[in-house]
Each structure stands twice: as structure tokens, then as C-alpha cells.
Amino acid sequence: MNYRLIRSTKNLSERHRLAYPILFIGLVTTLHFLFPNVLRGIATTVARPVWVAERTLVDAGSAFLGYFSAKSALIDDITKLTTELQHKDIQLLDRDILAEENRILKESFGRGDETKSILGSVLSVPPLSLYDTIVLDAGSLNGVREGAHVYVGPILLGTVVRTTGHTSVAELNSTSGQVTPMRIQHGAVAIPIEAKGRGAGEFTATIPKESDVAVGDSVFLTGIRPTLFGTVDAIDSTITSSFQTIFIISPVHIQALRFVEIVNDDSTIDL
Amino acid sequence: MYRLLADCAMVLGVLFLPWWVVIILGSVFFMTFDSYYEFLFFALLSDVLFSVPLPRFGGFEAVHVTLGVVLFVSLFLIKKRVRV
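Note that the protein sequences, when read in sequence, are chains A and C. If you're matching positions, the first sequence starts at 98 in the working numbering and goes up one per residue. If you're matching positions, the second sequence starts at 76 in the working numbering and goes up one per residue.
Treat the hints as calculated values from the structure; they're not laboratory data. Any given hint could turn out to be false.
Unchecked claim - Some chain C residues judged to face chain A by a derived CB distance under 8 angstroms, without partners named: (1) PRO93; (2) SER126; (3) HIS139.
Said to hold, decoys possible - Output of the computed footprint for chain C on chain A, the stretches with three or more beta carbons under 8 angstroms from beta carbons of chain C: (4) 128–137; (5) 146–153; (6) 223–231; (7) 277–289.
It should be emphasised that the depicted structure is a prediction, and the values quoted were computed from it without experimental measurement. Glycine included, each C-beta is placed from N, C-alpha and C at the ideal position.
With the hints as extra help, turn the sequences into a complete structure.
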């Protein structure tokens, strides 16, 4: 009769097969956290040209596919976009005058807006990792510092957390669980809220039901610079509850993001 | 040769695909190839490229490596059982 050997040499060697790689990766991970810039520098140096090549290929592919678009569809698109542009032009007629007036007023009260921004191209967007971060092609050698704010126009997206020579990693304000103090502008009333990130440019906030808020209201960050965060997308309230949940959405489509502005030493907002 | 192609696919996966697709791809390669240790390397690569200290993970920055080790051990045991 044959008996199965429980503690056989095969079992032992299999345990070693399991333990050695885990020990090795544990060692490398420990070394990475002790000297974070070594491995990160190598990895980003290798990854950056691959990301840039992918962006170039996608752009070239889009241009090539454009040749096969139907002529009537293109004419429709041009007509629609021209009409939209004309409406926007009319709406923005006084924008430059108001911005100039705003700048003069701030300067006369000693709060001039002297911020200079660095243009950064977006190399990767969520959901590539569980961290909900974006990788930018500008790093410490381009003047980007940790703690710099990342903008798209007047919209604040997040904060630079890591920098290497030619890349930086920014954490988004909409990262799940991230809490940011903001205010909802409803007419002349500013309602303070604490917006909780839900990922992909979405936030929620809970406020008393008595607070007057409407869909489409703008949500700003507190500070001297009018930093837009998003707009109220939906309001959820029940008869029994004394609170209402506000759903806020960023006007920036994170997945389609190509370029951002990076601002170091941004003292115009309170975060 | 196939293993090298699989490794290239995993590198591209880490750089361009959502994390959950990379996990599925890695699990498939783990079941296909003998001792697919690269699985852990790609988890580390993902942490190196994208990690930041987030409050929801308690500031822990090795989330992908931890997930990778748990998956590696689980898949190792599953593969062993399936073969018996």
C-alpha cells in the first residue's frame, strides 16, 4: 500500500517557489520606499516615450479616420459648431473687459494675480490604477514642484504629489473619499459645503434642505481667484430627511484631457 | 517566445489599460505559464508609476503590490489544486 507523504520534498520546494519571489518583491518594494526616486526615475524614463508615442499614434489615427467621414456629416458638424461659436462669442463679448476690471480692482487692493503657469501634456488618465492619478509630461526639470496646482482654464483639477525629472504625478480632487471645502453660488448667496470626491470628476455634498440650491449652480473654491470646480448636476432630497444631497460634476472630461496648466506657489486659493 | 510576448502585453497593459483588465490578463498568463513571477513585478511597476499617499488607503502606497501578492498566492494555490 502506498501512503501520501504530507511533508514531502516536493511540497517544500513548492513552498520555496512561492516564498522566494514574494521575498524578492518585498525586498525591492522596501528599497523602492527607502529610495523612491531611483526606481521611479528609471520607470518614468522608460514609460514616457511609450506614452508620447501612443498619443502621437492616436492623433495620427484620428486624422486618418477623418478622411472616411461622410461629407454630409462633416457639413452638419461645421454648421452646428459655427452656430455654437457665434453664441459663445456674443456671450464672451464683455469677458475681457470684466477680467481687466477685476485685475485692476485686485491690484488696487494689493491682491494682484501674478501667478505663472507651466503647460503640461497629460500622459495617462484614470482608471489605469487604483490611485486615480494623472501623469504629466512636465517634471522638476521643467520647474514643477510638489504641491503645485493643476488647472484646465479656470477649473482646478488637482495637486501635484510626485515629481521626477521630466514627469509628475497629480492627485485629482475628485478622487474617491477626498474632501474639499467649496461654496455653491446660488444667485448672490454663497453656500459653504464640504464636497466629497466620487472619482471621474464627480463630487457629492450634504447640506440642509432649507438651503436654496438649483441644478446648474456654479461651485467655486474659496479664495481671491474665482476657481471653478464644477456645476450642480442633480439634487436628491426626500420628504422625511432634513438634508439634501448635492451631486456636482466637473465640466472637464477627465478621459479626454490632453493639456493642463501647472501653477507653483498658488496663494490665490484656500485649500 | 510566447512568454516574452505576454510580458510585453503586460507592460503595455500597465501603461494603457485599466487596472482590473491588467489583473485579468495577469491571471490568465499565470494560469498559462509556469511560475509567472513577473506578475509581481508588474504590480510594483504600477505602484512606482502611479502611487500617491491617499487617505482612503491610509497613506499606504503599495496597494498594487499587496493586491498582487494576495492574488499571486491565491492563484498559486488554485493552480496547484487544479493540477491535482
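Checked hints:
1. PRO93: For PRO93(C), the interface hint holds, since the closest Cβ of chain A sits about 5 angstroms away, which is under 8 angstroms.
2. SER126: Result: holds, 6 angstroms to nearest chain A Cβ.
3. HIS139: This interface hint holds because 7 angstroms falls under the 8 angstroms limit.
4. 128–137: holds (count 4)
5. 146–153: Holds, because 3 residues of the segment 146–153 of chain A bring their Cβ atoms closer than 8 angstroms to Cβ atoms of chain C.
6. 223–231: Answer holds; 7 residues pass the 8 angstroms Cβ test.
7. 277–289: violated (count 0)
Going through the hint list in order, the structure does not satisfy hint 7, though it satisfies all others.
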